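Residue numbers (the working numbering), protein chains in the order written: chain Z, 1 to 530; chain B, 1 to 273; chain U, 1 to 311.
Source of the hints: derived by calculation from the structure; they are not laboratory data.
Quick caveat: nothing in here was measured; it's all calculated off a predicted structure.
Even for Gly, the Cβ is constructed at its ideal location relative to N, Cα and C.
Each hint should be verified, as a subset may be incorrect.
Stated by the list, open to error - Cβ-Cβ distance ranges computed for the label pairs, FRET-style: (1) 301(U) / 100(B): 22 to 32 Å; (2) 29(U) / 145(Z): 24 to 34 Å; (3) 168(B) / 77(U): 52 to 62 Å; (4) 155(B) / 10(U): 20 to 30 Å.
Stated by the list, open to error - Here are some chain B residues pointing at chain U (derived, C-beta under 8 Å): (5) 5; (6) 109; (7) 115; (8) 122; (9) 229.
Claimed, not checked - The calculated lysine to aspartate or glutamate pairs, modelled on EDC-like cross-linking and capped at a C-alpha distance of 20 Å, are: (10) 146(Z) / 56(U); (11) 126(U) / 262(B); (12) 195(Z) / 88(U); (13) 389(Z) / 35(B); (14) 125(Z) / 56(U); (15) 124(Z) / 88(U).
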Amino acid sequence: MLTRLSLMAALALGTATTALAQDATPKDGGTFVFTAPYGNSITSLDITATPHTQDEIVGKALNRSLYKWNPDSGKPELDLAESVEKSADGKTYTYKLRDATFHNGDKLDADDVVWSYNRLADPKKALPGAEQMLQIEGVAEFQDGKADHISGVKKIDDKTVAITVINLADPGWNLMSNYAPIYSKDYPEDQLASKPNGLGPFKLANYVPGSKVELVKFDDYYEQGKPHLAKLDIMLMGEAAARDVAFRNGEIDANVLGPVQYEAYTQDAALKDHILEVAEVYTRNIGFNPKIEAFKDKRVRQAINYAINSDLIIQKLLKNKAYPAVSWLPTSSPAFDKDAKPYAYDPDKAKALLKEAGYETGLKFSVTATDNESWGLPIVEAIIPMLAKVGVEVTTDPVDGSVLSDKILSDNFDSYIWSNSSGPDPLKYLNCFHSGTSQTACNYVKFANADFDKLLDAAGNETDPAKQNDLLRQANNLLQEEAPVWFFNYNKAVMAYQPWVHGLKPNAMELAIQDYEDIWIDDTAPAGRK
Amino acid sequence: MGLRFNFVLGLVLVVLVLLGALLAGHLAPFDPIMDADLMSSELPPDWEHWMGTDGQGRDVFSRVLYGARVSLTVGLVSQLINSVIGTALGVSAGYFGGWWDDLVNGLTNVMLAIPSLVFALAIMAVLGPGLPSLLIALGLTNWSWTCRIARSSTLSLKSQGFVQAAKTAGFGDLNIMRTQILPNILGPVLVIATLGIGGAVLSEAALSFLGVGIRPPQPSWGNMLSDARELIRTAPWAAIFPGLAIFATVLGFNLLGDGLRDMLDPHMRTQRA
Amino acid sequence: MMRFILRRTLQMIPTMLAVILIIFVIFSVVPGSFITSLMAEGRNATNAQVLSHLNEQFGLDQPLLVRLWNYLWGLAHFDLGISYRTREPVWNVIEPRLWPSIKLALSAMGFAAVVGIPLGFLAALKPGSIFDSGTMVVAVSGLSLPEFWFGLLLMYVFALTLGWLPSFGYQPGSIRHIILPAIALGVSPMALLARTTRAGVLDVMNADFVRTARAKGLAEPRLVRSHVARNVLVLILTTMGLQIGALMGQAIVVEKLFSWPGIGSLLVDSVSVRDIPVVQGAVLVIVLWFLVINMLVDVAYALIDPRIKVG
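With the rest of the complex left out, here is chain Z:
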């Protein structure tokens, strides 16, 4: 069994490139108009029922979990618990819960934690948040129908809970998830989707499905003096061009930017000083299916990496809103090799490799792609002429997001272009290339390499963080050499905000997820906001 170790502590993820104006004293009151940019609607106000970032943007305001992610330190920290004690074997954690109040006035107690986690893990409910419970002892049995509750979560007294996990990894990485919040056990479950009742800093005031979520300050929020805002409006706006107009028009206070607008905003004197950038932990790539005979040959996969001018695509199409990918792990990962260089643009070498492999002509494949501007059809359109120059013919297979994952999981593709999580935990994400990992889990390219497996197994069993990190770095470098995918880029997330907005954080996990309780607006805000 692979284990995740404390090397996570060495992670420094927050790499803000723009300093935020951290004025001394936050001002209370006012309205912040935020946007949820990943669609024109949200799935549900019950965050446990959905795995989508779009919903998390709202859920983050309504709910609290046992732990929370600290974007500045790059680590999970306690949220609903005041303190925790670890048992001698390192597997049982005993939490002392805070005094916290739900929006309906209920007080947080140990039963709520036990009930919430059991509900999440309940196979009959099939909640996506169950993912976060899998590390807890007894969840596997519960999921398989061999038990009727989780054996690893126990109430000690009203304010104390003990959680037993199956490995030595810090459970904070799972339990900090915004998809695994604590709900009140006494609140009717069928109300959660329409009238949420959480522990978060804001409570629901008005929800117009398909348009916006209006939230107001929750006065009994457990953190003293927070939140600062009186009102938080979240607009559901999927259309980037429309968001651009709305932001410039002052109708919204923050806007997640695509490449074109990133370039335009950084060149605009009035906008360029209020842009927040962060290196997110996603790797954009084209995965090659070894079902295609040519892709079994390492030289062909390498040749494609050499034949594409990634820098030019990043510069011209992504407008530098990305970092060229070297291998799988992003630059912020501790196991990232600072000396490693990305594949150079070298069409001659590509041609030579293809010739050597016997594919001087005649190699033809399709790329299954969504219409995403940073990891979809526009990128494929750009590589078509580049690969044509080395004698490779590429066609497009345009699909919806739901069909993309369907085709990949059912092994029905030549290659695909996608954006995948590659952090913060290097062991977890490199493990996606272990031959023991199935295609339906996350080894989408069915990568199987004995040397790579050996390195990862060794890393999983290594207790010394430095040695483990070294093994992971070697594995990551081997992955680059083997090129199971075209390494395209690591995302740079960018958010523009109005000058009167303060307290936004460069969250490397997902920039659109903000700690709303820390946001405030100053006196320069227009009258409608104050």
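Given chain Z's structure and the hints, the job is docking chains B and U onto it.
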């Protein structure tokens, strides 16, 4: 009387677009797909690139010309399919009557009730993006008006002397429909098809906006427009020219259709709102 | 009259059944599923085994015919099923979208009528003139614009450059928010109305009873008011009715562009995540709206022009 000027304007626009599409191979200075140099992306119009270049560094003028092929194919073929289906169903329903008439009538009502864009969106979801799917999606969803007109014309023709005479003379049903009825309803069907071409070109653009149009990198006006919508501030030419091409083409077919209608049958003017 | 309405209502049932069947068949062969849509973001390797329990929960493990039967059985009890996405009854998902949709359709039609009908009348008064032909080119132009292109232009001009109107969003009771989407959606029915009005007026002007009146020396303006207007009204009403009925489904693009929370944007979202029960429900609502409006038009038709017999 009438709008002879508008008819001529429509004819000129349509002929220009048709010529552009047919001669794209000769007129286009660049290859619409392979001549993509990212180093020269988003260039404004100049002597080399009359309509500038798009985000991929491709010549917008060449892509507008080649896009005309796709957009016109979508318009013409889908309307051809619609006309054939509509005429066949309408004429046979009107001619035979009975349960077949009821069935066709019911089906027409269903097709009228489901908005064609909704229907096309559903079909595209099943078939996936691409030209063939688009032809099917737009060809199967817009025949109800043709069907209605074909049916009502057939009903009134059926009672007239020459059809009765042909029947008495022992001509077969198929023969009568082909020789006696069909020639008399071709006019109205042609008008509806002409007006429908514009609608199909617009539907292609709408479906591209919704993410289910022609497969890139093949250019169509719809996907050019959809791709360029974010460039409207930084490289407006990439959005303006395909937009104008759609506008001119649809306007052309609409004016042409209106004119044809006035010429063929002044009484038909009000039939199709 | 009541018998007419009752009969028309009963006639809707087979149409609705056919619509249900068509949508059901289409979406039973659609690639991708609600479960794969949950994994579409490519993040955190969402666990396929955990999600597989969803199939049982939604009854997707049952044979197709059983599912169809269950759906129809539910429908007979006015139950549209449960949304895969929100896990709420489908009606709860659709209901909040109805009023915004209807409001947008009516406003678009309002714009179309206010601009289109006078335009058509004016053009018809001097048929064949430059004014006539110019008016018609303008009107037909409205039929020739890609909606999202036109909508974006409106946004840039009226929201960003001039700052007169908000660029997006829905505010219950706010007229300012509805203006741009209504215009974007309304140009095409505007053009149709102008064209129909012009044609209708010309037809009536050439009709015998008007010629007679003219021969009797009735002044032109009065002629227009009394005879022509009433006779054209029926035609305009029919066109408007058909258009209002169709607008709810046509609004997809405009709703998506302006973040308008109507049925159309719900439909697109539901198709993309394969929330089939909501797709079914939304299509049914759109179709029902069309059928009911058409029936109302026929009723109004009979009220305005007693010569037309209904029933």
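A quick look at each hint next to the structure:
1. Restraint check, residue 301(U) to residue 100(B): a C-beta distance of roughly 28 Å satisfies the suggested window 22 to 32 Å.
2. Against the hinted window of 24 to 34 Å, the Cβ-Cβ separation of residue 29(U) and residue 145(Z) comes to about 32 Å, which satisfies the hint.
3. Taken as a hint, the range 52 to 62 Å holds for the pair residue 168(B) and residue 77(U), whose Cβ atoms sit roughly 56 Å apart.
4. Take residue 155(B) and residue 10(U): their Cβ atoms lie about 25 Å apart, and the range 20 to 30 Å holds.
5. The interface hint given for residue 5(B) is met, as the beta carbon of that residue sits about 5 Å from the closest beta carbon of chain U, less than 8 Å.
6. For residue 109(B), the suggested interface contact is upheld, since its CB lies about 5 Å from the closest CB of chain U, less than 8 Å.
7. With its C-beta approaching chain U no nearer than about 3 Å, residue 115(B) sits inside the 8 Å limit, and its interface hint holds.
8. This hint holds: residue 122(B) has a C-beta 5 Å from the nearest C-beta of chain U, less than the 8 Å allowed.
9. Interface restraint check: residue 229(B) against chain U, minimum CB-CB distance 6 Å, threshold 8 Å, status holds.
10. Our distance criterion of 20 Å between C-alpha atoms is met by residue 146(Z) and residue 56(U), whose separation comes to about 18 Å.
11. Between residue 126(U) and residue 262(B) the CA atoms are separated by roughly 16 Å; this keeps the pair inside 20 Å, and the hint holds.
12. The straight-line distance between the Cα atoms of residue 195(Z) and residue 88(U) is roughly 12 Å, inside the 20 Å bound, and the hint therefore holds.
13. With a C-alpha separation of about 11 Å, the suggested pair residue 389(Z) and residue 35(B) falls inside the 20 Å cut-off, and the hint holds.
14. A hinted pair counts as satisfied when its Cα atoms are at most 20 Å apart, and residue 125(Z) with residue 56(U) qualifies at roughly 10 Å.
15. Among the hinted pairs, residue 124(Z) with residue 88(U) is consistent with the structure: their alpha-carbon atoms are about 16 Å apart, no more than 20 Å.
Consistency with the previously given hints is maintained throughout, with no hint failing.
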